[in-house]
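Next come the chains, spelled out residue by residue.
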Amino acid sequence: MGKTFAEKVLARKSGLDAVVPGQIVTVRPDHLLTHDNTSAIVAKVAQDLKTYGLVSQSLPVIAIDHVVPAVDEKTAAGHAAIRRFVQEYGVEHFFDVGEGVCHQLMVEKGLALPGMLVLGSDSHTCTYGAVNAFATGIDRTEAAVLLLTGETWLRVPETIKVILEGAFPHGVMGKDLILRIIGEVGADGANYKAVEFHGDLAGLSMDDRLTVANMGIEMGAKLAAFPVDASTEAYLAAHAPGAIYAPVWADADAAYIHGLRFNLSTLEPVVAKPHAVDNVAPVREVAGLPVQQAFLGTCTNGRLSDLQAAASILKGRRIAPGVRLLVIPASRSIFQGAMADGTLAALVEAGAMVGPPGCGPCLGAHQGLLAPGERCISSSNRNFQGRMGSKDAEVFLGSPLTVAASAMTGVLTDPREVMK
Amino acid sequence: MTVGTLEGRAWLFGDHVDTDVIIPVRYCTTSNREELGPHAMSGLDPEFASKIAPGDFIVAGHNFGCGSSRENAPLALQGAGVGAVVAISFGRIFYRNAINVGLPFFESPEAVSCCGPGDLLQVRMEEGLLRNVTRGLALALAKYPPQVAEIIEAGGLEAYVRRRLTGRGS
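In the order they appear, the protein sequences are chains W and A.
Heads up: the first sequence at position 81 corresponds to 78 in our numbering, and the numbers run straight through without jumps.
Position in the second sequence counted from 1, then plus 16, gives you our numbering.
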């Protein structure tokens, strides 16, 4: 019997010949990602770190991204504690305020590579499945002990096989695909499980794959992985030049618990309606609902191609009166790219506000929260009740094109209606 | 954490109770259980923490604790006095969080449909049973995997690892 991607990586990382679903294995991850929560994580084991030391200076990757720049004194003190930890223990991979969202930095800086096992104290760690890494979220206590021991336990997951075919029609993006999949699978349909993407992937850009893998957790998935192909290799050549990596992929006769097939050419722009990510409907079914805020950014859809897609609609046009359009590039290098090619100028001229690279209002900490009764169209990943401000506000999730189209008209709008 | 007997009244919730409603992010500026406790479940019921008695159970449907990895969620429940969470299934990071911070949790496909608000529930760890005293029912609970049981027995991951590190040093 062949093996799945997850079974192969976990066998390799646990030093076993073979593993089977349900088995619990002890693994040593290649990287441990932590963000603003690093201060709380380190505080748990501060004394133990003094006694036993940091297990490895290259294991942790730390990015301050969730509440940047600091919104208050307490946040600032947390950031300062992280900087002290980084300096005291010689952490090799540290990205301070302004560099970008941790998940974007992991791939952009070439830290997540094919065949790696990456654990992170953030649920969207699954993003790096796009570059063939076994990447999954853990909790803070676990992250704390990983700093000391370098190892933890994982349950070998069963795997769902998703076969993709065809190419996106005009106006449809990776976000529409993953929302459609989540709508079908359900918010817990992949709970404790791995998801593999197979089939004709040539039409799916790396940015689209990152969006798709990023939202694996929204159907409960432990990981969401793609194989390495020519697109992956080109991406890695640009972002991790000279890196040595060992891709892993499932055998043709691997065993799956479930299979799904999607033809990209049959998709249309969709949204997730309040207050659940699996509450998915075509944009045309909710078109016309007024929006007061439109948010473009995050680890899901804050990449250069996302900003460019929005600018393709908004260039030379104005957003509707009474709409606030927030644009937050996912990293400094994306910010620079969008400045260099005129994307940011087009968005700002259309009426957008641009924020510093980071998570922005996605998690509801700052930078654009919603008042009771307001509605936001957002390119982010969660529309849970109260997540982005008032619990009496509504968040609809959609693609960057849908965000831009809706910002322009002031009502939820199928982007195909306004695309040039 | 889960030795002896747990007993409390049932508070019922539905499917997909996410960590943003268990503890909204505006309260996540602390990891202190006592500070988080008054805000537990406030995204769904702002009065929850003031209504429950220490040891009471949360009984829920599918995917309890889905969403963000925030550890403040199980800590807030502990701070509010929640004695245990029983659900059909848990979000996978919440599941790990609960083990590692020592919040008793049990998977039961039947509990939520065999339980009314305020029912008196009891778990005797050595029995592996959830008893609904009010209704005279007993439900089998799923066993923890052995490695997980070891962490639970040690009282959470920090205690478990310190025991190992101390052993390594000697």
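Calculated directly from the structure, the hints in this document are not laboratory data.
Mixed in with the good hints, there may be bad ones.
Said to hold, decoys possible - Only some residues are given here: those of chain A computed to face chain W with a beta carbon under 10 Å: (1) Thr35; (2) Gln163; (3) Leu181.
Ideal Cβ positions, reconstructed from N, Cα and C, are used throughout, including at glycine.
Results of checking the hints against the structure:
| no. | hint | result |
| --- | --- | --- |
| 1 | Thr35 | holds, 8 Å |
| 2 | Gln163 | holds, 5 Å |
| 3 | Leu181 | holds, 6 Å |
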